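Residue strings, one per chain:
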Amino acid sequence: MSEEKIKSYAQAILSVASSEGDGTRVEDEIYRFAQVLQSSEELKATINDNSIPSARRQQIVEDLLEGQASQASVALISMLIAAGMASEIKAIADQVVGLGAESRDKAVAEVYSVVDLSEDQQARLAAALKTATGKDVEMKVIIDESVMGGLLVQIEDEVIDGTVRTRLKQLREAF
Amino acid sequence: MKKRLIFASALTGMLLMFGLAGNALAAGESLGKCSVDEYAERFGAAELTPENIAEEENINAIGEIFDSCIEAPSPIIPEINEVIWGGGAFVVLLALMLWKGFPAVQRIMNERSEKIASDLDEADKAKTEAQAVKSEYEAELADAKSAAAAILEEARQQAEVLRSDLQQRAESEIAEMKAQAASDIDAARERAMGDLQGEVAEIVVGAAERVVEANLDAEAQARLIENYINQVGSN
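Protein chains in written order, with this note's numbering: chain P, 1 to 175; chain H, 1001 to 1235.
If you are wondering where the hints come from, they were derived from the structure by calculation, not from laboratory data. Hints should not be assumed to be uniformly reliable.
Below, simulated EDC-like cross-link-like pairs (lysine to aspartate or glutamate); rule was C-alpha separation at most 20 Å, straight line [said to hold, decoys possible]: (1) K106/P - E138/P; (2) K140/P - E1226/H; (3) K140/P - D94/P; (4) K169/P - D1121/H; (5) K1033/H - E1082/H; (6) K106/P - D22/P; (7) K169/P - E1199/H; (8) K135/P - E173/P; (9) K130/P - E1082/H; (10) K169/P - E1202/H; (11) K169/P - E1209/H; (12) K140/P - E173/P; (13) K169/P - D1195/H; (14) K140/P - D116/P; (15) K1134/H - E1153/H; (16) K5/P - E102/P.
On a predicted model such as this, the values are computed, not experimentally measured, just so you know.
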């Protein structure tokens, strides 16, 4: 799939979300769905299985997100599956949050953590990252047990790793 | 040469002549005929008859005639006829000898001389050839000895080179094996140290992981997040 096509879908989603009123929420919900999809191999395989009729796969997603996301988000995700873009949902979601943040003159900061961050922690982390990188950021907290503890932040191509996993890895390599 | 032959022929003829003259009576004239001839020369037409032969005079005359006939001729001077026949025979014989005999003898002697000379030449030639063959053989023998010596020397040198080469190769292989063994030992030591280090690291890190996991409660997680925020903000 070409980058151009993915970007086109992302812009279309952003336009729809903006017209629905709460564009930021839609961005966030689509991004979170993409994260859930990445963490569940079974769900990803089902959504990507072309032998299952797209209507059936749409129904599965709609049932899964019922009451968990806005109707606009559910409709947009369902539309991607109907358009045969199920395998590109992660890339499209990344483009959506990236373009959305860019439209607000911000960068996306993917924060990997074992526990969720409080609003206060997110605000202080955003301020710290602005100090470190000079960029205003929008937090996307991703719960990842593999980091064991601490945080890993990725802003575009820059990674700031302060996880226990990496510390232990460095300890192992030091031997 | 020819003069000596002629002299020898003449001497031979004279000997023959005098030899033949000495035996003239025995060879040509009987005692009876000599007696008759002598009697006729002495008494002319008077003939001996049975009637007068017994007379003493006749008996004496016959006795003298017999004595004269029986008397040997001169041992030196031959009879004329003998000289004539002998000389003729000598001349004929000499002519035959000069005409046929001597040339034949001369030819035979020349042929013999030539044959002897040829034989001598052939003998010399054979001797020369034998000498040449001998020299050649000796040269070949010398060459063979020289070649054998060269071959022996070459073989000895080759054997020396081979021995040296084998020795060097063996020494090289031994050195290589020693180096390889040392390298293997070092590698094994390194590997063992690495394995040991890895195992130690695994044990230590595993223990650290277990300790960290056991102590990573919510409070610890919050403290780690705070530390992270503070560190990032201080950069």
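Hint-by-hint comparison with the structure:
1. K106/P - E138/P: holds (7 Å)
2. K140/P - E1226/H: With a Cα-Cα distance of about 18 Å, the restraint between K140/P and E1226/H holds, given a limit of 20 Å.
3. K140/P - D94/P: At roughly 11 Å apart (the allowed maximum being 20 Å), D94/P and K140/P satisfy the hint.
4. K169/P - D1121/H: violated (117 Å)
5. K1033/H - E1082/H: holds (18 Å)
6. K106/P - D22/P: holds (17 Å)
7. K169/P - E1199/H: holds (15 Å)
8. K135/P - E173/P: violated (33 Å)
9. K130/P - E1082/H: Answer violated: K130/P to E1082/H is near 185 Å, above 20 Å.
10. K169/P - E1202/H: Holds. K169/P to E1202/H sits at ~11 Å (cutoff 20 Å).
11. K169/P - E1209/H: holds (10 Å)
12. K140/P - E173/P: Given that 20 Å is the threshold and the Cα spacing comes to 30 Å, the pair is violated.
13. K169/P - D1195/H: Satisfied, since the Cα-Cα distance of roughly 17 Å is no more than 20 Å.
14. K140/P - D116/P: holds (10 Å)
15. K1134/H - E1153/H: violated (27 Å)
16. K5/P - E102/P: holds (18 Å)
Figure legend: structure checked against the earlier numbered hints; hints not met, in rising order: 4, 8, 9, 12 and 15.
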